[in-house]
Amino acid sequence: MKARAFDPGAHRLVICLGPGGVGKTTLSAAIALNAAIRGRSVDVMTVDPAPRLLDALGLEGEATQPRDVALAGLGARRGGRLRALKLDPKQTFDGLIELYAPSAAARDAILSNRIYQNLSNALAGVADYMAMERLLELHRDATTGVIVLDTPPAQEAIDFLDAPRRMLDLLGSRALSLLGASRGLLRGPLAMFDFAARAVLAAFDRLTGLHLLADVQAFVRGFEGMYGGFAERAAEAQALVRGEDSLVVVVTTAEAERVAQAREFVAALEELGFRVGAVAVNRVMAPIPGAAELERAEIPAALKRKLMRNLADFAALKRRESLSIEELRETLPLKTPLVIAPDLGREPRTLRDLAEIGGSLRYA
Amino acid sequence: MALPRLIFVTGKGGTGKSTVAAALATAISRRRPVTVADLERRRSVARIIGVDLNGAESAAVTDNLEIAALTPRAELEAFIEGIVPLKAISSRMLRSRTFGYVSAALPGLEAFLMMERLRLMAGRAALEDRYAVIDAPATGGAIELLSVARGVKRIASRGTLNRLAGTLEEFLSDADRFGVILTVRPEGLALRETLDAAAELRGRLGVRCIAAVLNGVAEELFTDAEITKVRALGEPARLAARRREGAKNAARARRELEAADLEVVELPMLFSAALGREELATLADSFAAGTIMG
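Protein chains in written order, with the numbering used here: chain A, 1 to 364; chain B, 1 to 294.
Since the hints were derived computationally from the structure, they do not count as laboratory data.
Quick reminder that beta carbons are idealized off the backbone N, C-alpha and C, glycines included.
Please note that a few of the clues may not be correct.
Claimed, not checked - Coverage of chain A stretches by chain B, computed from C-beta distances (three or more under 8 angstroms per stretch; other residues unrestricted): (1) 3–16; (2) 255–268; (3) 305–313.
Claimed, not checked - Estimated spans, in silico, between C-beta atoms of each pair: (4) B:Asp285 with A:Gly73: 48 to 54 angstroms; (5) B:Gly50 with A:Arg309: 48 to 54 angstroms; (6) B:Asp176 with A:Ala239: 37 to 43 angstroms; (7) A:Glu232 with B:Asp285: 46 to 52 angstroms; (8) A:Glu232 with B:Glu245: 40 to 46 angstroms; (9) B:Ser272 with A:Glu295: 20 to 26 angstroms; (10) A:Glu295 with B:Ala273: 19 to 25 angstroms; (11) A:Glu356 with B:Arg150: 41 to 47 angstroms; (12) A:Asp141 with B:Asp285: 55 to 61 angstroms; (13) A:Thr331 with B:Glu279: 19 to 25 angstroms; (14) B:Ser272 with A:Arg140: 36 to 42 angstroms; (15) A:Arg140 with B:Arg163: 46 to 52 angstroms; (16) B:Glu258 with A:Arg67: 48 to 54 angstroms; (17) B:Asp285 with A:Ala70: 47 to 53 angstroms.
Required output: the full structure, derived from the provided sequences and hints.
Printed below as a string of C-alpha cells:
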C-alpha cells in the first residue's frame with residue numbers, strides 16, 4: 001500500500017517551524033515547488049538559505065523582492081508559478097519606519113537613533129517579526145495562491161509565532177514610554193516596574209557614561225506616532241497565522257535529540273492554541289534491502305563480505321531512525337499527522353532535487 | 001593538558017555541536033574535573049548525557065563531570081540585582097517586563113554579560129585546575145556573541161565599560177584560557193562556511209581555533225574499482241557507492257581543513273541502533289586518542 005501524498009499546497013499559507021539544521025529552508029522550497037508544479041501560484045520566503053539553494057532558486061545577491069523561478073523542464077501544470085525571496089530583517093524594518101513615520105524628520109530621527117540601530121540588528125525577535133511583516137505584504141498580493149514561509153531557526157516554537165506580540169509589547173507599552181517621562185509622572189504599582197527599568201538604565205549610564213537614557217527617550221518618543229500602524233499590522237498577522245487556511249508544519253530530523261525538540265515544539269504550540277498541521281521528519285532513509293539477493297551474487301567472497309557489512313551498517317542506522325520516528329509518533333497528539341521527507345543520499349542543490357523531495361512527501 | 005581552560009564548541013546547525021561537546025567533556029573528565037554547559041535554552045547536552053536538570057542550574061553526572069545551563073536571562077538578572085539601588089523592588093518585579101525594556105534598550109548587554117560569565121568560569125577553572133566545555137550557538141550566533149566586546153568598545157570609547165570590554169578581549173585572545181572547536185559534517189557541503197568562520201575567528205577576533213571536528217566519519221570499506229565492479233547489484237551497490245562517496249568527502253574535508261592550518265579530529269560514524277552512554281564513551285575515545293588533549 002502506498003502512503004498518501006502530503007500536499008500542503010492546498011492551504012493558503014504554510015509555515016515551516018523548527019530548530020536550526022533540520023532542513024527547514026530545503027523543505028519549504030520543496031513544498032513550494034511541488035505546489036507550483038501542480039499548477040498553483042506560489043511565493044516562498046526563505047531565511048538564510050545555504051548558497052547552493054540560493055543558486056537553485058535564483059536568489060543570488062539582494063533578492064529581497066520576489067523573483068520568478070524558471071520551472072521549465074519540471075513538468076509544471078499550466079498556471080503553475082513560483083516566486084522566491086529572501087528575508088532581510090533590517091531592510092524590512094527600515095521600510096516599516098518609512099511607511100509609518102509621520103514626517104521625514106521623524107523618520108530620520110528613528111533611523112539614526114543608536115537604540116534603533118542596535119535594536120534592528122541585535123534584538124532577538126526582530127527577524128521573526130519582520131518575517132511576519134513580509135508575510136502580510138505577500139498575502140495582500142492577490143495573484144498569490146499559496147505562501148510558503150521558512151522561519152528563522154528557533155529554540156522554542158513560540159519564538160516566531162509570538163514575535164509580533166512581544167515586539168508590540170515592547171514598543172507600545174505605557175511603561176516604555178514612561179521610561180522617558182519625568183519621575184513625577186510615575187504613580188501606582190506600574191510605576192514601580194518602570195522605576196526598576198529606569199533605575200537600571202540610569203545606573204548603567206552612570207557606570208558607563210554612555211548617556212543611553214537620552215537615546216531611549218528619543219527612541220520612545222519617535223515611536224509614539226507609529227504605534228497604531230504597527231499594532232494593526234501585528235493583529236492582522238496574528239489572525240492570518242491562526243486562520244483556518246494556514247498550516248503550521250514542525251520540521252525535524254529523525255535524530256533522537258531533534259525528535260525530543262520537535263515534541264517540545266508541538267506541545268508548546270498546542271498550549272498556545274495553534275493547530276499543528278503536521279510534523280515533517282526530514283532526510284528519512286529509504287528502506288534497506290535484506291541480504292538474500294546479495295548472498296546469491298557472483299562476486300569475490302571478500303568483496304561480498306564487505307558489501308554485507310555495509311548493508312548491515314546502514315540497516316543499523318535505519319533501525320535507529322525507525323525507532324526514533326516510532327517514538328515520535330507514539331508521543332505526538334493523535335490528531336497530529338506525521339509526514340516523511342526522503343533523504344536523497346546527497347545534499348539537494350538543484351530544482352530537480354527539490355522537486356523530487358516535494359513530490360515524495362508522504363504521510364507516515 | 002594542551003587545552004585551554006574554556007572550550008567553546010560551535011558549528012553550523014545540525015553538525016552535532018551538543019554531541020561533540022558531550023563527548024569532549026566525557027574525555028576530559030577521565031583526567032580532570034570538567035563542567036559542560038549549555039549556552040542556550042536547548043538542554044541538548046543534558047539530554048545526550050542522559051541527565052535531567054529539572055530546572056536546576058547545574059548537576060553532577062560523575063565525580064569529575066558536571067553539567068550546567070547558562071541563560072542570558074539569569075546573567076541579566078544577576079546584573080540588575082547588582083545595580084538596582086532598592087532592595088525593596090522584589091525579584092518578582094525584576095522578573096517582570098523590566099527585562100524586556102532593559103535588553104531592548106541595551107542590545108548586546110545580554111551577550112556581554114554572558115561573555116563575562118564565561119571569562120569568570122575560565123578564571124575559576126584555572127584556579128581549580130579544571131575545564132569548561134561550552135555547547136555554544138551555531139556559527140553565526142556564536143561569532144556575534146564573541147564580537148560583543150568589540151561592539152561595546154565602539155560605543156564606549158572609555159570608562160568602566162570600555163575597560164571591561166578590553167578585559168574580555170584579552171580573555172578571548174588568550175590561548176591558555178579560551179579556544180574554539182568547530183564541528184563539521186563530512187557529507188555537508190558547508191565546508192566553505194567552516195573555513196570562513198575559522199578565518200574570521202582567528203583574524204578579526206584573534207581567537208584560538210583548537211580543532212575542527214569531523215563528526216560522523218564512516219570507516220572506509222571500498223575502492224573505486226570495487227564500486228565499478230558491483231554496479232549491477234542494485235541497492236547494495238548504491239549504498240556501497242554512498243559509503244565510498246562519504247569517505248571521499250571526509251578525506252577532502254580533512255585535506256582542506258588541514259590546508260587552512262586547522263587540527264582535525266575525526267569522530268567515527270556509529271552504526272548502532274541507539275546513541276547512549278556507551279556510544280558517547282566511544283566518541284570520547286577518539287578525542288583521547290588525538291593530539292588536541294596533549
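Verification of the hints:
no., hint, verdict
1, 3–16, "violated (count 0)"
2, 255–268, "holds (count 4)"
3, 305–313, "holds (count 7)"
4, B:Asp285 with A:Gly73: 48 to 54 angstroms, "holds, 50 angstroms"
5, B:Gly50 with A:Arg309: 48 to 54 angstroms, "violated, 29 angstroms"
6, B:Asp176 with A:Ala239: 37 to 43 angstroms, "violated, 56 angstroms"
7, A:Glu232 with B:Asp285: 46 to 52 angstroms, "violated, 59 angstroms"
8, A:Glu232 with B:Glu245: 40 to 46 angstroms, "violated, 53 angstroms"
9, B:Ser272 with A:Glu295: 20 to 26 angstroms, "holds, 24 angstroms"
10, A:Glu295 with B:Ala273: 19 to 25 angstroms, "holds, 23 angstroms"
11, A:Glu356 with B:Arg150: 41 to 47 angstroms, "holds, 44 angstroms"
12, A:Asp141 with B:Asp285: 55 to 61 angstroms, "holds, 57 angstroms"
13, A:Thr331 with B:Glu279: 19 to 25 angstroms, "holds, 22 angstroms"
14, B:Ser272 with A:Arg140: 36 to 42 angstroms, "violated, 52 angstroms"
15, A:Arg140 with B:Arg163: 46 to 52 angstroms, "holds, 51 angstroms"
16, B:Glu258 with A:Arg67: 48 to 54 angstroms, "violated, 39 angstroms"
17, B:Asp285 with A:Ala70: 47 to 53 angstroms, "holds, 50 angstroms"
When held up to the earlier numbered hints, the structure conflicts with 1, 5, 6, 7, 8, 14, 16 and fits the remainder.
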